[in-house]
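Novice: These are the residues of each chain, in order.
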Amino acid sequence: MAVKVIQEKCIGCGICIDTCPFDAIDMVDEKAVITDKCTACGNCIDVCPKEAIIMEEREKDIINIDEYKGVWVFAEQREGKLLNVSIELIGEGRKIADELDTELTAILLGKDVDDLSKQLIKYGADNVLYGESELLQIYTTDGYTKVICDLIKERKPEIMLIGATNIGRDLGPRISARIHTGLTADCTRLEVDKENRRLLQTRPAFGGNLMATIICPNHRPQMSTVRPGVMEKAKYDESRLGNIEKFVPNLREEDIKAKVLEVVKEAKAQVKLEEANIIVSGGRGLGNPEGFKLIEELAEKLGAVVGASRATVDAGWIDQSHQVGQTGKTVRPTLYIACGISGAIQHLAGMQESEVIVAINKDKNAPIFKIADYGVVGDVYEVLPELIEALDNIDEILESVN
Amino acid sequence: MKIIVCIKQVPDTNEVRIDPVKGTLIREGVPSIINPDDRNALEEALKIKDECEGVEVVVLSMGPPQAEVALVEAIAMGADEAILLSDRAFAGSDTWATSTALAAGIKAIGDYDIIFCGRQAIDGDTAQVGPQIAEHLGIPQITYVKELKLEGKKVKAKRALEDGYFVIEAELPVLITAIKELNEPRYPSIRGIYEGFKGDRIKILSAKDINVDEKNIGLDGSPTQVNKSFTPPGRGGESEIIEGSPKEQARQLIVRLKEEKLI
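Line order of the protein sequences matches chains A and B. Heads up: the first sequence is residues 0 to 401, going by numbering that gives the first Met the number 0. Heads up: the second sequence is residues 0 to 262, going by numbering that gives the first Met the number 0.
Treat the hints as calculated values from the structure; they're not laboratory data. Here a beta-carbon is modelled for each residue, glycine too, at the ideal position from N, C-alpha and C. Treat the hints with care, as some may be off.
[As the list claims (entries may be wrong)] Once the Cα atoms are required to be at most 27 Å apart in a straight line, the calculated BS3-like pairs of lysine-lysine come out as:
| hint | chain 1 | residue 1 | chain 2 | residue 2 |
| --- | --- | --- | --- | --- |
| 1 | B | LYS246 | A | LYS361 |
| 2 | B | LYS246 | A | LYS300 |
| 3 | B | LYS145 | B | LYS155 |
| 4 | B | LYS155 | A | LYS369 |
| 5 | A | LYS292 | B | LYS214 |
| 6 | B | LYS257 | A | LYS256 |
| 7 | B | LYS214 | A | LYS152 |
| 8 | B | LYS257 | A | LYS264 |
[To be verified] What follows is a list of derived Cβ distance ranges for each label pair:
| hint | chain 1 | residue 1 | chain 2 | residue 2 | range |
| --- | --- | --- | --- | --- | --- |
| 9 | B | GLY236 | A | GLY79 | 41 to 49 Å |
| 10 | A | LYS232 | B | GLY236 | 41 to 49 Å |
| 11 | A | GLU153 | B | LYS207 | 33 to 41 Å |
[Claimed, not checked] Example chain B residues on the side facing chain A (calculated, C-beta under 10 Å, incomplete):
| hint | residue |
| --- | --- |
| 12 | LYS1 |
| 13 | TYR111 |
| 14 | ASP162 |
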């Protein structure tokens, strides 16, 4: 597939150049020229007033995609517990399977986790394929990839969803390379085009400055990873029934080349951003790492969790576990207070689903105010201490208003 | 011992801004940098070179001719040799096609013991190319590595998880993806910058040079395609700007949040 300019029709107006998100069009002798940076996104085709830009389809080696049926979810478990993201994906997978009028199958690998297979049914799976082995108790790239690829080759699912955890992001690409299919990372929205059974996978691109909808037209399964906290959890229904198929995978110890010698839990207090009701976040506008002391103080008063923008993490002001945004965590608290955060799209991508957003920033033109429900234009070093004090005297303040 | 480090030149996405009127990306003046995680990958290779005898570090990248600047910097940091895969045929590659091309480049270099990659690039954030290269080469991978020890013909690595880490052991050859915690990348030396700009340690190879099937690279070789791209929609709705002195602003805000039962 390639984008082509019909020279005779091009009038050199340059509208396509302004539209191209990838800076992939040059003007040469008053004619548009598509360069190597082109990703065939097609935006220029839509805006060209002279219909001078077209998409050229080329012939491909096409696999018989009609043989592939059903939606699969990799149900990641650690130490005998399903991860929340697995339950979120069951919820999302259920919707997709219903739209495509097909079945939802959860892939569960582990040892002595029979009760999890029952839970997966009650959360919404039609089938559970449960591969049980000593060798699958702890995740290994080699073991999990082999077992899942064997299943895909045998049963041919059309869609496979994987949680974008540190493990899912190790497993997904390895499977996609072995099967020779496409994988779209960190999707924030999944839809289906029912007519040709395509999965429309929307994800932030270009550091979250742009959204892109990705398709995988000629390969199966269509694979996506989805970050924890992005999709809503499936509802547990005690009465649901389904098929559980337990099997012994064809896996030997020597198949596992990278061996896990030890699993170490770190005592480091976990930053539970995804589960927080209130988040108070700090950005570059704090000016220095000391600023986070104020953020922490306010957070403590509100029973909130501390978040941070990428700029502050890159600068080493705060640990990466606090990072909200495209490269950090995706959050949806009821209240998000952004302090000294300008609102780069990469940050917004991780927090714009918050119910109510408060922005405190010196610069009244900061993009964060565009999405804030309440904006306070002011210096964080003046406003935050007042907020902390106001919280101490909250009853008195409320009385004076009423 | 031969170590290959895969690096990518990326726009510094921290510096990308949106034109408030047109809603399009402002690209002018956005600097190109070596992807941050890739610097950690290179540093780890250079550390091994510092500590052991007879280690050769080759840097490999794929991109337009301008990406050579990133390779000059890699030489300046201490790499022995650098190769840029640059060819129109590679344009538009997704992660599958990119990893296919890089794996072909690695096979062309040959005789490798360790491949280092950064965990992910800041312009795509997929973290897919490293593991996909390992699969194309049929070698084990250890991703998200925050500590690495070379023990004879084996590596032992601490591999980060959300709430701790695995200790993983694998025999060479192996592919490692580096995270920020792995090390502190060095700065180029003056002598290194001179070496880099001489340019005689940088080679540019085409698709034909590395013997890769053109069906598997570029837009045509990519299983995934961009269907459309757009600037993210806003949240809609009006925002209320709270005016007054900091004290008044704080008090008003608290009242609003209390009324909405948010605090």
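Novice: Any of the earlier hints contradicted here, and which numbers?
Specialist: 4, 5, 6, 8, 10, 12, 13
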